[in-house]
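Residue numbers (the working numbering), protein chains in the order written: chain W, 1 to 346; chain F, 1 to 346; chain V, 1 to 346; chain X, 1 to 346.
Hints listed in this document are in silico derivations from the structure and should not be mistaken for laboratory results. Keep in mind that the hints are not guaranteed to be accurate.
[To be verified] Which chain X residues stay away from chain F? Per the calculated CB distances, all over 10 angstroms, these:
#1 VAL24
#2 THR40
#3 SER106
#4 ARG109
#5 ALA113
#6 MET140
#7 PRO162
#8 GLU168
#9 MET169
#10 GLU206
#11 VAL213
#12 LEU215
#13 ALA219
#14 ALA292
#15 ASP295
#16 PRO329
[Unchecked claim] Partner residues are not named here, just some residues of chain F that face chain V (Cβ under 10 angstroms, in silico):
#17 ARG26
#18 MET140
#19 GLU241
#20 ALA242
#21 THR248
#22 VAL250
#23 SER260
#24 GLN273
#25 LEU288
#26 GLN291
Beta carbons: idealized from backbone N, C-alpha and C, even for Gly.
This is what each chain is made of:
There are 4 protein chains.
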Amino acid sequence: MASELRVGVIGVGMMGADHAERLVTRTAGARLVAVSDPDTARAAELASRYDGVRSVGDPLELIADDGVDAVVIASPGFVHEEQVLACIEHRTYALCEKPLTMDAESSLRIVEAEAAAGPPLVQVGFMRRFDPEYAAMKAMLDSGQLGRTLLLHNTHRNKAVPESFRSEMIVRDSLVHEVDVARFLFGEEITEITVLAPAPTGVAAEGVLDPQVALFRMAGGGMATTEVFVNCQVGYEVRCEAVAERGTVVAGRNSTGLYSTVADDHGGYWGGQVPPDFRARFARAYDLEVQAWVDASRRGEVVGPSTWDGYAATAVCTAGMESLATGQPVKVQLAERTALLDGARR
Amino acid sequence: MASELRVGVIGVGMMGADHAERLVTRTAGARLVAVSDPDTARAAELASRYDGVRSVGDPLELIADDGVDAVVIASPGFVHEEQVLACIEHRTYALCEKPLTMDAESSLRIVEAEAAAGPPLVQVGFMRRFDPEYAAMKAMLDSGQLGRTLLLHNTHRNKAVPESFRSEMIVRDSLVHEVDVARFLFGEEITEITVLAPAPTGVAAEGVLDPQVALFRMAGGGMATTEVFVNCQVGYEVRCEAVAERGTVVAGRNSTGLYSTVADDHGGYWGGQVPPDFRARFARAYDLEVQAWVDASRRGEVVGPSTWDGYAATAVCTAGMESLATGQPVKVQLAERTALLDGARR
Amino acid sequence: MASELRVGVIGVGMMGADHAERLVTRTAGARLVAVSDPDTARAAELASRYDGVRSVGDPLELIADDGVDAVVIASPGFVHEEQVLACIEHRTYALCEKPLTMDAESSLRIVEAEAAAGPPLVQVGFMRRFDPEYAAMKAMLDSGQLGRTLLLHNTHRNKAVPESFRSEMIVRDSLVHEVDVARFLFGEEITEITVLAPAPTGVAAEGVLDPQVALFRMAGGGMATTEVFVNCQVGYEVRCEAVAERGTVVAGRNSTGLYSTVADDHGGYWGGQVPPDFRARFARAYDLEVQAWVDASRRGEVVGPSTWDGYAATAVCTAGMESLATGQPVKVQLAERTALLDGARR
Amino acid sequence: MASELRVGVIGVGMMGADHAERLVTRTAGARLVAVSDPDTARAAELASRYDGVRSVGDPLELIADDGVDAVVIASPGFVHEEQVLACIEHRTYALCEKPLTMDAESSLRIVEAEAAAGPPLVQVGFMRRFDPEYAAMKAMLDSGQLGRTLLLHNTHRNKAVPESFRSEMIVRDSLVHEVDVARFLFGEEITEITVLAPAPTGVAAEGVLDPQVALFRMAGGGMATTEVFVNCQVGYEVRCEAVAERGTVVAGRNSTGLYSTVADDHGGYWGGQVPPDFRARFARAYDLEVQAWVDASRRGEVVGPSTWDGYAATAVCTAGMESLATGQPVKVQLAERTALLDGARR
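Using the sequences and the hints, build the whole thing.
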């Protein structure tokens with residue numbers, strides 16, 4: 001194990017600031033050394049909270065810095081391509097928040113560049129794979145004790161989203177997690193996607209198709225159904241039920257620990273709190289994701305979701321947006337699996 | 001309230017014998033007076049179990065009998081039309097097990113005959129509507145406290161079925177319950193159905209498409225997703241989750257009462273038993289259904305699912321079988337709503 | 001099986017009126033023929049609701065009536081002795097609501113009188129034994145699959161009680177159910193009881209010791225702990241956890257079926273309703289209790305809790321009231337088991 | 001915030017080795033620099049697993065070392081007094097595993113020595129206080145929204161213990177956690193303890209009183225009941241139910257996340273795994289405990305359970321062992337609260 005990993009964080013909005021705090025306050029083996037953000041005041045403020053952290057104006061300069069071993073990329077998706085390619089060029093380990101890039105072509109360019117440059121460097125931020133329940137579910141399905149996996153049923157609910165969050169963003173930014181979950185749990189590509197919309201809730205912004213129902217066909221013949229409902233008003237509810245030949249497994253059913261009984265004017269109730277948002281629900285997954293990334297980087301390895309995973313998820317969501325617009329099933333076309341790319345698939 | 005209802009049971013296989021026992025041992029206000037079955041020995045044996053019960057060879061004679069006020073029709077579906085029409089002719093109240101008939105045309109003939117003959121006489125055996133949880137769910141959704149209902153997610157699993165139970169029977173005999181549930185909870189017709197099949201379980205009989213995934217489009221724009229899996233190996237699992245604008249409701253989640261912890265060679269577990277079959281799960285629903293039918297018949301009324309409900313369910317399942325064969329969505333065409341038929345819709 | 005059982009109901013307050021309705025509307029094989037109550041107007045009003053039901057002024061006349069085969073005794077506890085003894089004298093089957101009588105001596109007189117008079121006639125109304133969960137729990141413990149039962153933990157909570165409900169009534173009217181549960185599940189007598197009181201809730205009436213904690217020692221060495229809290233504000237929560245050598249069983253954990261998610265001003269919640277009172281929680285148990293009593297009476301038998309069970313429960317509660325007053329464990333002294341009484345124990 | 005905390009671990013059995021790994025692999029701001037154990041080979045082996053960790057023969061030398069800022073004391077309880085006093089002498093921060101010492105007198109000597117020496121230095125390892133559910137429960141009770149806390153019901157079950165684990169160790173080593181939980185949640189001292197034993201399980205070692213039932217009386221009048229069952233065969237089940245004036249809170253009910261359905265030869269079941277041991281159940285609590293200790297030490301502070309908490313827990317358990325032997329309630333006598341000691345109570 002190498003000595004401490006010197007880490008930079010690029011983009012210090014909510015997610016990047018979270019990762020910075022995580023690195024400093026509850027991650028072993030890492031040292032936050034630099035942050036970068038177009039909003040330089042925000043970057044400077046964050047840097048000032050911790051000892052020995054510089055604020056760097058140009059993210060590419062941060063990536064190229066010899067004193068930086070690894071970066072967390074939490075900048076907006078449209079600058080990811082340039083930043084990830086710079087990491088590959090400078091042999092800097094990267095944890096890139098999803099989406100890898102905004103379209104399948106640019107994601108594929110990253111896959112190819114990384115594969116051509118040598119051993120992998122990039123982990124994509126599908127944190128669900130590090131959630132203890134999803135990980136245990138994967139292990140249970142892979143053990144074969146329940147036979148072959150036949151179906152998945154995913155539920156993805158957010159309390160509410162801003163008015164600017166439009167119908168296609170529900171596919172690209174919310175459904176994308178379920179795309180990765182289906183690929184992860186089945187261990188197969190998605191070959192076809194259908195995204196349908198019932199009459200929308202009256203609570204969403206005008207014109208936004210919310211909720212949505214998506215169907216995936218898997219390469220091996222399995223299927224997945226998903227409800228995405230981003231203005232459900234209650235809280236952040238994420239569940240996954242896998243149906244196998246001899247049993248089922250559910251993640252997310254018991255995620256809220258504390259259980260209470262209370263009375264109000266209408267009667268007495270038992271139950272618990274629904275997590276308010278993804279940070280509350282997946283706090284542990286993020287911690288484990290970042291710790292695993294730090295540990296792997298120190299060993300000179302990459303674990304977890306690859307750039308191919310990021311590329312495939314983007315390709316599926318692009319097809320999904322087309323399906324939402326047309327109401328028809330849309331086939332997912334991925335790049336041919338060359339020897340080079342097969343290496344990239346890890 | 002009239003004096004005791006004199007009831008005959010037609011068809012004394014598993015379901016009919018169950019109803020006979022229910023009438024005698026745990027239903028108030030009813031007297032079982034006659035049974036009929038093509039297997040006359042079986043009918044005679046059942047009659048001999050209870051005081052004052054005759055075995056009648058011809059079911060139509062039983063229906064026409066002045067000493068019989070009402071009949072439970074638990075014979076095979078293909079003789080339902082003749083028997084129900086005889087009930088209408090003789091003004092005999094009937095509780096007809098589902099399916100009302102084997103095809104939409106004959107079901108519609110019953111609807112029309114009943115409507116033409118006067119006040120309604122026939123309740124169709126969709127017992128789910130009498131299950132306390134489904135009934136409470138309906139009441140909660142109708143109360144409006146959660147806003148408009150947007151989506152339903154139904155799960156329908158049987159432990160196993162005989163080899164003779166083929167793909168289209170999964171639609172006609174299993175999915176039909178979820179068809180009625182969707183119509184009941186939304187209070188609307190289904191206008192389109194899609195039935196899809198993933199790669200089948202290896203546990204089902206050769207060539208049987210099991211599990212299946214169905215999508216319903218409702219007249220008001222809502223949608224329902226359904227998993228039907230009739231060889232799931234575990235037990236009888238029926239759940240329904242309704243998603244409304246400001247909350248969700250789930251029936252069937254806590255249906256098994258007793259909760260225990262036990263250890264086996266692999267570790268320690270908490271949990272409970274999954275009901276082995278529909279009779280265990282819906283025992284209470286059947287009791288309440290039959291009591292409600294007896295009570296209504298004594299008042300000269302009909303409650304619960306109507307012949308129109310039976311007709312509509314058959315029409316949807318017919319479309320569903322076509323969808324399963326073609327892989328395409330199929331529109332559901334119901335008869336025009338004339339004044340006559342509107343009366344029949346109750 | 002004899003023809004219909006002709007039943008009278010004595011005492012038509014909440015409980016008696018409930019039983020009358022149960023007999024008429026959802027019990028097979030019974031005919032309600034008479035009711036009696038000191039409030040003759042109330043009795044007459046109830047009688048007028050159903051066909052062929054007389055109102056009888058004197059309960060002892062009702063019991064002696066040749067046209068009455070069996071009576072439900074739902075009168076106040078202090079008149080039970082006279083009424084039950086009259087049933088024994090006239091060979092009238094009786095379902096006597098708990099408590100059998102107000103003190104152990106009078107209960108014992110009933111036990112002895114019944115035993116001396118011939119085959120048993122009296123069932124005591126500990127309805128919990130007919131609750132499907134308690135019954136399944138008993139079956140599971142008796143099966144031996146979990147080894148010997150070591151401990152019980154009972155929880156008994158009511159939403160609220162009237163101000164007139166004093167500390168000792170918590171023992172006599174609430175705890176008594178847990179006394180019977182412990183005797184039923186262990187299949188043994190209670191030999192010692194301790195009733196302790198923490199600092200009381202501020203919500204109860206002045207001077208009422210609520211909640212209370214009771215400990216039972218069983219004849220075979222087992223123990224039971226019980227919380228009784230009759231002003232818990234939330235609802236009617238009754239649970240029982242049995243701890244055996246190789247596992248545990250819990251009744252009452254999943255008794256509320258419907259499960260929902262909702263949001264209020266403070267956040268989002270999942271959960272369900274707590275039953276408001278014992279009638280909601282034990283509706284099914286009462287139905288099964290009365291049906292079993294009717295069925296047994298028609299066969300000339302008695303099932304369920306015996307007069308000995310009623311006597312023992314009263315003796316334990318009397319000791320419990322002494323313990324509450326003194327803060328000390330109190331031994332329970334039951335009558336010697338003579339051949340006569342052993343017969344009475346069934 | 002000071003730079004990295006240089007930590008030594010004293011005692012590298014299961015618990016100490018766990019803490020060493022925790023410090024190295026998932027704690028921020030700490031550097032493991034030395035370990036010590038009477039089994040020098042074991043200490044050397046552990047030291048060799050990590051970069052820059054020395055093995056030190058004499059634990060007091062390790063404590064006195066200027067290159068060590070803080071120590072985790074995971075040695076056997078009977079050497080704690082000497083080691084903790086050395087920490088106080090050398091102003092070394094300490095996280096001392098429970099029990100603080102083996103008897104109340106020596107624990108009180110530590111309290112007094114720490115108080116006399118200046119600002120506090122010692123955190124006692126009652127990790128439950130850092131478990132997210134227990135912490136949330138404490139917050140909910142302290143918020144006052146449920147009124148005053150009246151009762152606690154604790155359940156403490158281990159799958160099995162070695163034959164050397166005798167009756168009194170159940171009080172001292174298992175019940176002690178529930179002692180701390182009661183003091184923590186009520187925020188009050190325990191004034192009286194009763195420990196009772198039902199007829200023991202046949203699965204425990206000969207002569208061991210298992211399970212046990214304990215009752216605590218709190219200074220403010222509240223009570224707590226506890227079941228401790230250390231050979232329950234199933235797994236590690238720890239639950240706590242708090243009963244307040246207007247509602248209840250339960251921790252530990254949903255602690256196992258994954259939920260599945262499976263079939264075996266006897267039927268179909270739903271449920272999940274019971275954690276096999278305390279390390280699985282409280283992994284997160286230990287992580288949070290150690291991180292909080294490291295963070296506080298770097299700030300020059302102590303958080304979490306104090307030496308007074310360790311002393312009080314030992315005093316209660318000593319009384320509990322007397323109660324188990326005599327079958328009588330035993331009063332708990334704590335040292336007078338002088339100004340000095342009040343400071344120590346934090």
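Hints, verified against the model:
no.: 1; hint: VAL24; result: holds, 29 angstroms
no.: 2; hint: THR40; result: holds, 36 angstroms
no.: 3; hint: SER106; result: holds, 37 angstroms
no.: 4; hint: ARG109; result: holds, 41 angstroms
no.: 5; hint: ALA113; result: holds, 43 angstroms
no.: 6; hint: MET140; result: holds, 23 angstroms
no.: 7; hint: PRO162; result: holds, 18 angstroms
no.: 8; hint: GLU168; result: holds, 26 angstroms
no.: 9; hint: MET169; result: holds, 22 angstroms
no.: 10; hint: GLU206; result: holds, 22 angstroms
no.: 11; hint: VAL213; result: holds, 18 angstroms
no.: 12; hint: LEU215; result: holds, 24 angstroms
no.: 13; hint: ALA219; result: holds, 34 angstroms
no.: 14; hint: ALA292; result: holds, 30 angstroms
no.: 15; hint: ASP295; result: holds, 35 angstroms
no.: 16; hint: PRO329; result: holds, 31 angstroms
no.: 17; hint: ARG26; result: holds, 5 angstroms
no.: 18; hint: MET140; result: holds, 7 angstroms
no.: 19; hint: GLU241; result: holds, 9 angstroms
no.: 20; hint: ALA242; result: holds, 9 angstroms
no.: 21; hint: THR248; result: holds, 5 angstroms
no.: 22; hint: VAL250; result: holds, 4 angstroms
no.: 23; hint: SER260; result: holds, 5 angstroms
no.: 24; hint: GLN273; result: holds, 9 angstroms
no.: 25; hint: LEU288; result: holds, 9 angstroms
no.: 26; hint: GLN291; result: holds, 6 angstroms
In summary, this structure violates none of the numbered hints.
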